[in-house]
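K.L.:
Single-letter residue listing:
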Amino acid sequence: MADVSPNAPVAPMATILVVDDDGEILGLVARFLRANAFEVLTARNGTEMAACLKGAAVDLIVLDLMLPGASGLDLCRELRRNSATPVVMLTAKGDEIDRIIGLEVGADDYLAKPFNPRELLARISAVLRRTQAGRVHPATGARRMLHFSGWQLDTLKRELTDPRGVVVDLSTGEYDLLMAFLDAPQRVLSREFLLDATRIRAPDAFDRSIDVQISRLRRKIEVEQEMIKTIRGAGYIFTPDVTRGQA
Amino acid sequence: MTEVGGPIARWRALVDGLAARTILIVLVGIGAIHLVSLWTYRHALSQQAELASDVRLADQLLGIKRAVMREPQSARESVAHDLSGGPLEAHWSRTEHATPGGPGAGHWDGLAQRLKQAAPELGDDGLIIGANRRAPDDPHLALVSMRLPDDTWLNVSIVTVTPRSVEGHGTLLSTTLMAIGAVLVSMLMVRWLTRPLSTFAEAAKTFSGSGAPVAVPEDGPRELRDLASAFNEMQRRIARLVEDRTQALAAVSHDLKTPITRLRFRAEDITDAALRSAITADLSEMERMLDQTLAYLRGERTDERMQPVDLVAILATVCADISDDGGATTLTGAGSAVISGRRLSLKRAFGNLIENAVKYGYRADVSVTEVGGTVVVAVADAGPGIRPEDRERALAPFVRLEPSRNQDTGGFGLGLTIAYAIVASHAGTLTLADGVDGGLLVTVCLPRDGGAGA
Chain Z
28 MADVSPNAPV APMATILVVD DDGEILGLVA RFLRANAFEV LTARNGTEMA ACLKGAAVDL
88 IVLDLMLPGA SGLDLCRELR RNSATPVVML TAKGDEIDRI IGLEVGADDY LAKPFNPREL
148 LARISAVLRR TQAGRVHPAT GARRMLHFSG WQLDTLKREL TDPRGVVVDL STGEYDLLMA
208 FLDAPQRVLS REFLLDATRI RAPDAFDRSI DVQISRLRRK IEVEQEMIKT IRGAGYIFTP
268 DVTRGQA
Chain U
4 MTEVGGPIAR WRALVDGLAA RTILIVLVGI GAIHLVSLWT YRHALSQQAE LASDVRLADQ
64 LLGIKRAVMR EPQSARESVA HDLSGGPLEA HWSRTEHATP GGPGAGHWDG LAQRLKQAAP
124 ELGDDGLIIG ANRRAPDDPH LALVSMRLPD DTWLNVSIVT VTPRSVEGHG TLLSTTLMAI
184 GAVLVSMLMV RWLTRPLSTF AEAAKTFSGS GAPVAVPEDG PRELRDLASA FNEMQRRIAR
244 LVEDRTQALA AVSHDLKTPI TRLRFRAEDI TDAALRSAIT ADLSEMERML DQTLAYLRGE
304 RTDERMQPVD LVAILATVCA DISDDGGATT LTGAGSAVIS GRRLSLKRAF GNLIENAVKY
364 GYRADVSVTE VGGTVVVAVA DAGPGIRPED RERALAPFVR LEPSRNQDTG GFGLGLTIAY
424 AIVASHAGTL TLADGVDGGL LVTVCLPRDG GAGA
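Chains as they are written, first to last, in our numbering: chain Z, 28 to 274; chain U, 4 to 457.
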């Protein structure tokens, strides 16, 4: 268990291509990602992006929605025709994320400006972990859904739905916990591992007890059956089977 | 200007509406016309009656004169007596009894004229009409002296008959019916005329409520057409103005997001952890303010769709997040409450309410109950509450009830406004009241079906 850290990229020195027309942001994001052990390429528009993709193997693309010329949506759609490279979209229009998701351009995650650098890091790591594990397929929409015991988690909308079809709201910490469990079902996860998974976004924040988070998550999802089992002295285990793909 | 109880005020209240005023005008007009025409009618009628009685009188007088003339002098008095009757009393004598002049001279002269006109033969030999000596002041008693061809006189005393009154209930009834009819017709016409005005009022209310221009049909009388056209133009201009300002504010709020993002990255380079977290906290607050502004400007326009959501899960998340930041919150009541709604909007609404409670009222005690088809969420705090006269104002945008505390509590008066708008968009209600143990009690009632089946 000790070799599994949710913070570190699954493949060492993964290459990230950042596409943004704001030079300042581009530089800042690149520097931040490099400081967090990523190889970083930058592009200011679709043309530069295409050139980068030709010249190097890219593991993930951070793509700004608002670009001069072809928009991020167009570029993402274009990319999906012949590539499975995961995409994290950046948008200043946080309010319109719902609509953009509805367009199904094939992005793997969305982040609204202004975002926390650590949030970006968390999203990149999570997407890389999921795609590089080789369990998912790039087909649009297929890899965004996770199913367990009749429940459904839309990882793009970050929305959990119970077997009745009722949306159950989760806090960021609860979502991260659930994702950690869904990524490794039926495996014992230590409290340290789970704590790491939930505090990546706010390293300075007060260390709230992982047990409190677990009990909050349980109150929301264990309406009919127990899903999270406590293994005394070792940690927790998520018991239901997890499947991916459309309902 | 409150003229409570004054007669003018009471009068004004009575004829407040356009309809009442128009009816009043119609009634006064009809009344005046009727009075005038009634007077004219009755005057003409009485003239005619007088004329008719003059002719009759002349005929009678002539008849008596002819009859008496034919008789020898000895029999004349008895014939005259025989012919008397009714208002007439005839006597034969050698001298005239009537004396011209006197107080009623004008009246008698007029009568003499009319009689001569009716029967010219009467005046052939001589006709004197004068007051009766027995009652010289009574204009109704007259004495007519007619000279006969042999220079003797026939004196007829008459009671001048006033024409019978033409007053009848028929006239009054028809006048009343006509007035009622006119009032009914004028009510219908006034309604027809004022209907566009009601449309204006309705449109103005809708416009001030929703901000969306409501075009008023430009038809009807010219004045109303002009008014409608001006009104529509005004609505369009106001809407454009609001839209422009909204756009400007939204653009500024939106454009601030990029520099804040940059600052967030730059803050990562700060090695002093305390300074970094202070700056990060400031950035988060700025971000929240922008977020609230955009949420307020966006109003109803949201891309989120209605779907079944568990309100208790949302409240649990909000309470947990605030607790983690050191706020005192409790959540009691139903373990689940499913309504049709927009998750993120509802989360924002209750987030604002519960944050306000903790910020201004030191704690938030949230309870959830279900009553029939309605979910009732009560948020109670332990603060000073809001005075009843300030409650409506508290829901208005950019209103801060405690400006002095604003500096350390952040926010700028949009929290309640946004919560109220979101609850309203779910067909729910939000009310402010005093808590049982003091403090403010915010009660939100949301229909389970999101208002779809209401």
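Read the hints as simulated data drawn from the structure, not as lab findings.
Be aware that a few hints might be false.
[To be verified] A few chain Z residues that don't get close to chain U, going by computed Cβ distances all over 10 angstroms:
no.: 1; residue: GLU75
no.: 2; residue: ARG107
no.: 3; residue: ASN143
no.: 4; residue: GLY192
no.: 5; residue: SER198
[As the list claims (entries may be wrong)] Label-pair ranges, simulated between beta-carbon atoms:
no.: 6; chain 1: Z; residue 1: GLU51; chain 2: U; residue 2: LEU252; range: 54 to 60 angstroms
no.: 7; chain 1: Z; residue 1: GLU219; chain 2: U; residue 2: GLN310; range: 53 to 59 angstroms
no.: 8; chain 1: U; residue 1: MET237; chain 2: Z; residue 2: ASP181; range: 54 to 60 angstroms
no.: 9; chain 1: U; residue 1: GLY329; chain 2: Z; residue 2: ALA64; range: 32 to 38 angstroms
no.: 10; chain 1: Z; residue 1: ALA261; chain 2: U; residue 2: GLY329; range: 29 to 35 angstroms
no.: 11; chain 1: Z; residue 1: GLY260; chain 2: U; residue 2: ASP393; range: 33 to 39 angstroms
[To be verified] Derived, one-sided and incomplete: chain U residues facing chain Z with beta-carbon distance under 10 angstroms:
no.: 12; residue: ARG45
no.: 13; residue: ALA47
no.: 14; residue: ARG117
no.: 15; residue: THR261
no.: 16; residue: LEU266
no.: 17; residue: ARG267
no.: 18; residue: LEU293
no.: 19; residue: LEU349
Treat the numbers as computed from the prediction; the structure is a model and nothing was measured.
Backbone N, C-alpha and C fix where the C-beta goes; we use that ideal spot for every residue, glycine too.
K.L.:
Determine for every hint whether it applies to the structure shown.
P.N.:
Taking the hints in turn, this is what the structure says about them:
1. With a minimum CB-CB distance of about 19 angstroms to chain U, Z:GLU75 clears the 10 angstroms threshold, and the non-interface call stands.
2. The claim that Z:ARG107 is not at the interface with chain U holds, since no C-beta of that chain comes within 10 angstroms of its own (minimum 22 angstroms).
3. Against the 10 angstroms criterion, Z:ASN143 falls within the reach of chain U, whose nearest CB is about 6 angstroms from its own CB.
4. Non-interface call for Z:GLY192 relative to chain U: violated, since the shortest CB-CB distance, roughly 6 angstroms, does not exceed 10 angstroms.
5. Interface exclusion of Z:SER198 from chain U breaks down, the closest Cβ pair being 4 angstroms apart, not more than 10 angstroms.
6. As the Cβ distance of Z:GLU51 to U:LEU252 is approximately 24 angstroms, the hint placing it in 54 to 60 angstroms is violated.
7. The supplied range of 53 to 59 angstroms is broken by Z:GLU219 and U:GLN310, whose beta-carbon atoms lie about 37 angstroms from each other.
8. A C-beta distance of roughly 47 angstroms is found between U:MET237 and Z:ASP181, which places it outside the suggested range of 54 to 60 angstroms.
9. At about 33 angstroms, the beta-carbon gap between U:GLY329 and Z:ALA64 stays in the expected band of 32 to 38 angstroms.
10. At about 32 angstroms, the CB distance of Z:ALA261 to U:GLY329 agrees with the hint of 29 to 35 angstroms.
11. Here the CB-CB span from Z:GLY260 to U:ASP393 is close to 57 angstroms, at odds with the stated 33 to 39 angstroms.
12. Look at U:ARG45: its Cβ only gets to about 82 angstroms from chain Z, farther than 10 angstroms, so that hint breaks.
13. At its closest, the beta carbon of U:ALA47 sits 85 angstroms from a beta carbon of chain Z; the interface hint therefore is violated under the 10 angstroms criterion.
14. Annotation: interface hint on U:ARG117 violated; nearest CB of chain Z at approximately 100 angstroms, more than 10 angstroms.
15. Against a cut-off of 10 angstroms between C-beta atoms, the interface hint on U:THR261 holds, since the closest Cβ of chain Z lies about 6 angstroms away.
16. Against a cut-off of 10 angstroms between C-beta atoms, the interface hint on U:LEU266 holds, since the closest Cβ of chain Z lies about 8 angstroms away.
17. The beta carbon of U:ARG267 is positioned within 10 angstroms of a beta carbon in chain Z (closest approach about 6 angstroms), and the interface hint is therefore held.
18. For U:LEU293, the shortest C-beta to C-beta distance to chain Z is roughly 8 angstroms, which falls under 10 angstroms, so the interface hint holds.
19. Taken as an interface hint, U:LEU349 checks out: its beta carbon lies about 8 angstroms from the nearest beta carbon of chain Z, inside 10 angstroms.
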